[in-house]
Amino acid sequence: MLGEGIVKGLAETARNFLGSFVDEERLTTVEYPEERLPQAEAARNFPFLIYDGDDAEKGLRCVACQICEKECPPRCIHIEKSKDKKPDYVGKQQFYPAVFDIDVSVCMSCQICVEVCPFEAIRMDTQFELSTDDRFGGLLWTKAELAKTNEYYHSIHPTEAGETDARLDEEKAKVAAKAKPAEAEMQAKA
Amino acid sequence: MSLSFLILALLTLGGAVAAMTLHRLVHCVLALTVALAGLAGLYLNLGAQFVGLAQILVYVGAVAILIVFAVLLTRGAEIASQMDSSRQGRFSALAGGVATAAAVFAVLAWVVLHSPTLSAPAATMTQVAPQAAMQQIGDALMRRYVLPLEVMGLMLTAALIGAVILALEEKPEAQ
Amino acid sequence: MSAMVTRVVLEEEESARGVEGELLEISMGPHHPSTHGVFRMDVRLDGERVTRLKPVFGYLHRNHEKIAEKASYLAAIPYTDRLDYLCSMTNNWGYALAVEKLAGIPVPERAEYIRVITAELTRLQNHASLIGFLLQDMGASGTPLMYAFREREKILDLFESLTGARMMCNYMRFGGVRVDCSSEWLEAAQNIASSFPQFLDEYEQLLTGNEILMARTQGVGALSAELAVNAGITGPMLRASGVNYDLRKVDRYGIYDRFTFRVPLGDHGDVYDRYMIRLLEMRESVKILEQALAAIPEGPIIDPKTRLRGLRPKAGEAYGRIEGPKGELGFFLISDGSTNPYRYKVRPPSMINLTVLEDMCLGRNVADVVVILGSVDIVMGEVDR
Amino acid sequence: MTQAPVQQLDQIFVMLKHWLVGYVPAAAQPVVSSLLSVVAILALFPALFAFTTVLERKGLGRMQNRYGPNRVGPFGLLQPLADGIKSLTKEDVVPRTADKAVHFMAPLLLVAASFLAYAVLPVGRNMAAVNLDAGVLYFFAVGAVAELAVFMAGWSSHNKYSLLGAMRAIAQMISYEVPLILSSLAVIMAAGSLSTVEIAGRQAGYSGIWPHWYVLTPWGLAGFLLFMIAATAETNRSPFDLPEGESEIIAGYYTEYSGFKFALFFLGEYLGMFAISGLGITLFLGGWSAPFSFLTWIPSWIWFFAKLLALIAVFIWMRGTLPRLRMDQLMNFAWKFMLPMALLVMVSAGVWRFLPHGVLRWIVCFVMIAVPYVLLGRGLLQGKKIGKRTYRFAE
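Protein chains in written order, with my numbering: chain V, -17 to 172; chain C, 4 to 178; chain S, 684 to 1068; chain Z, 15 to 409.
Derived by calculation from the structure, the hints in this document are not laboratory data.
C-beta atoms are modelled at their ideal positions from N, C-alpha and C, and glycine is treated no differently.
Some hints here could point you the wrong way.
[As the list claims (entries may be wrong)] 27 angstroms max Cα-Cα, derived DSSO-like pairs, lysine-lysine:
1) Lys997/S with Lys52/V
2) Lys350/Z with Lys(-10)/V
3) Lys63/V with Lys988/S
4) Lys(-10)/V with Lys399/Z
5) Lys970/S with Lys402/Z
6) Lys749/S with Lys52/V
7) Lys(-10)/V with Lys837/S
8) Lys988/S with Lys154/V
9) Lys398/Z with Lys(-10)/V
10) Lys(-10)/V with Lys104/Z
11) Lys114/Z with Lys104/Z
12) Lys970/S with Lys52/V
13) Lys154/V with Lys(-10)/V
[What the hints assert, rightly or not] What follows is a list of derived Cβ distance ranges for each label pair:
14) Val86/Z with Lys68/V: 25 to 35 angstroms
15) Lys737/S with Ile164/C: 20 to 30 angstroms
16) Leu389/Z with Thr160/C: 20 to 30 angstroms
17) Arg147/C with Met203/Z: 16 to 26 angstroms
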């Protein structure tokens, strides 16, 4: 009969109308920014650089190998290798990035840089409220802005950070087993 | 002559003049609508509610829209003025218009002068209450003039069916 | 002089078609509310009847194929996300399949299962939101779309917890998938699979029997099976025309031969059939999901021998194709032995399905054009690449 | 004058007006009296419009499982204020090639015509601005002016979408005016009057607790439904919102309007919707009378506005549910379904009048309407081969 389907549809919307007052499932809106959903642990937005210890300059894990720069699909990473070297986390003398810029207005948050990094130095941040009125400077992040502590990494991706640390510890242990005791001491100091 | 009559008469005449003189056809139609609405106002001013409202409903609501559609669906809307620009043509158009207007006016004047209401005492005219007037119209249509009404209805139905048939015939052509 | 409508001189083609009267030429788009992105149709109207329709696209061209030719095999994957940005999982899979064929990479069992699960979830959310968009084009003030998005949100949340991103998942890799899913994740997917039929019932209650929807869609935009096959139409649109062609059955790529599911087929090929086929396909997808979730084995998720970075397949070529939600999504790769493909070509189902738009629209009116376009299921990111 | 407090409350606005008018010299009293009515209408219905926009957005939101506006003021109630300020401060863009004068006048004419219609609506006992003997006729006559305004807007904008929208709108309004007037004709026949005040008055009695509303007869119910469907089309509301179908022709005849003129179109549209709902209430739902005899102590104007809000809610509900019809289907529906049904309702109303009271006339009138309804509905769908389908599956 004409109108049957229309009445059924009206009943359905009425059900949803009433349901939205009583049923959580039917009112899924989260009133950002007062309310926030818990962030998924795997969430990713833009990359940051990890450093160990307190000194961002000294503890930076990045050795300026430039793999991420090469692999980055939109080519938003710019690295300039340092002239001198500094010891990395296992104590080996390595280059470090004199300049490490990421243009986050170009970055597409794909995480390829994280995957290709052999030094566990770059990871994805979960920060997403990044609006700025400075279109160029504000969206070009330099090394100082990118560097974050390992603790911060632990706080946003605990599982992943745990796995990373385990891997690093293993590596360090390997190096330590091979290395002379003196060097091990030096590393402990560092 | 009351103030309201004056305003309405000016509106009607102004609309009519504008309908003749404006250049864009659509403007002319709109001006004509104003004239028709002014006429309806005059009826209402005279206390003829039914006629006045029917005038709006039919002329403003239907006839004006019909003209507008006709204007839209032909090329006319774009052409500013298709009037014959030659002097002679203009003159003959003017003469024709004046003659028509004079003829219409003469007929109307004759009808008004010979109408029985005018000879009747003025009091009966004003004393007819509007409600009674409406009932009178209904009574007259349904009793005294029922035959003309039916004939007109029949004619309109025939016209409607004719229009439907005309519209239907287009289909096979289009396919 | 008020040129209120562009008067078009009658062309021979029009008079040959028996069009009389004046024609109105309208450029629908690229900024039109229902062209699904920046898409333009040059429409010539006789009254409101379409006498010619020329789709114009390319507004969203991003040089996808050339970029991928200059990027490594790995770096092309995030770009495939952005083809059909509603279905990044299936895009990833299509590309991964092509590379796997090219380089002869095996895929572990668990990864295959995860791929099926994510692909079917993608299909669910794509079809549900497509129907919402279709109804939006029909003027249903957003209600079906909101219901679809309510469900889609759950699936996207699931994707986010697995891959870190809701739409640009960048999840599959040649040789497997990027990260493993937890048992909680599988449980959540199971919840969606078991609650989705209920949502579909609700959706059908709201829409399927609606007289207005039936009147608007039945007999509108009919596409014959012959034309569909000749034009290379694939996906639900082809099946709505009655051609039994589903790559999940034809190619049995991945592990689709292990699941029992049916392929719904339409008889009229009109918009209503396309709508119904999508609804029925969602029910079948739920069946696949249930089976895959029940049977998923433990194991590695990626082939350990595959080098993701600096992959250099032997010189040769390969064409990998999958049944995406929109149709056959194919990736054609030629390798010259270097780290980046020599040639990279996408077969975008959206674009190829769009080619018959004029044939479906001729003689219909503007309102139908919008609905027909909506039923094709296009995403301009994929059409223009 | 001693009146029961209930009656005093019922007549409070009437008394207020009398009291105010009493202060001016006798010569100016008619003018002041009508001015007061005008001011009341001008103040009340735009306020209702403002309230309805929130109601609509919130209602639609809830139907779609969202909150709707809830940021401005408590529960988002001040949202119309923000919208008003926004539309006032927006640039008023007039297309360069537009016919400026007509473009400017169109929204004004629309709003003016919509306001005029309220003159004859009895919003409570003794609460009609004027008691015209041809009230219903007046209402439709004024409504016809709106069509002209729509045409002016569409034509003067010099935009193809506007023109298409205007043509759709006019075709639709003319087509649906026929069933609209025919279905109200049944009531006019039954009431024997064209005066809205009188029609409302006729329905104010009760048998037992049940009111004498026309909607409570078989022909009245059918007439009411037809009237409301035609009213939906007449006011361009979903599912008949083709003239402004945003997915097809952007915004129809007001595509080229911005700023406050755009807001005026909205105002005009909603005012039209209230007015026609008000007429529907007056004709079928007993105007200001209470639904049960034991509820008559509630003031009449509250009943009127309660009914008005209920009808508005139905409008919103339909908008939240239904997709839009197509132009030819709209026309088919008007001429092949609405028109015959409206004629039948008229005949049925006549039969109702002349049959004796009792079960028989209920049955006769019901059958007279229900059987053609089923047949016509079936014809409408099956003639176009529209119906549910079954699908085959390949394994």
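Checklist entry - Is the Cα-Cα distance between Lys970/S and Lys402/Z 27 angstroms or less? => result holds (24 angstroms)
Item to check | Restraint status (C-alpha distance of Lys(-10)/V to Lys837/S at most 27 angstroms) | outcome: The given pair, whose Cα atoms are some 26 angstroms apart, holds under the 27 angstroms limit.
Checklist entry - Between Lys350/Z and Lys(-10)/V, does the CA-CA distance stay at or below 27 angstroms? => result holds (24 angstroms)
Item to check | Whether the CB-CB distance between Arg147/C and Met203/Z falls inside 16 to 26 angstroms | outcome: holds (21 angstroms)
Checklist entry - Lys970/S and Lys52/V: Cα distance at most 27 angstroms? => result violated (43 angstroms)
Item to check | Supplied distance hint 20 to 30 angstroms, evaluated on CB atoms of Leu389/Z and Thr160/C | outcome: holds (23 angstroms)
Checklist entry - Has the given pair, Lys154/V with Lys(-10)/V, been kept, meaning a C-alpha gap of at most 27 angstroms? => result violated (68 angstroms)
Next on the checklist: If I claimed the Cβ atoms of Val86/Z and Lys68/V lie 25 to 35 angstroms apart, would that claim hold in this structure?
Outcome noted: violated (56 angstroms)
Next on the checklist: Looking only at beta-carbon atoms, does the pair Lys737/S, Ile164/C fall within the given range of 20 to 30 angstroms?
Outcome noted: At roughly 42 angstroms between Cβ atoms, Ile164/C and Lys737/S fall outside 20 to 30 angstroms, so the hint is violated.
Checklist entry - Are Lys114/Z and Lys104/Z close enough, with their CA atoms no more than 27 angstroms apart? => result Since the Cα atoms of Lys114/Z and Lys104/Z sit roughly 18 angstroms apart, the hinted pair holds (cutoff 27 angstroms).
Checklist entry - For the pair supplied as a hint, Lys988/S and Lys154/V, is the alpha-carbon distance within the 27 angstroms limit? => result holds (25 angstroms)
Checklist entry - Taken at face value, is the distance from the CA of Lys104/Z to the CA of Lys(-10)/V at most 27 angstroms? => result violated (42 angstroms)
In this structure, the earlier hints numbered 3, 10, 12, 13, 14, 15 are contradicted, and the remaining ones agree with it.
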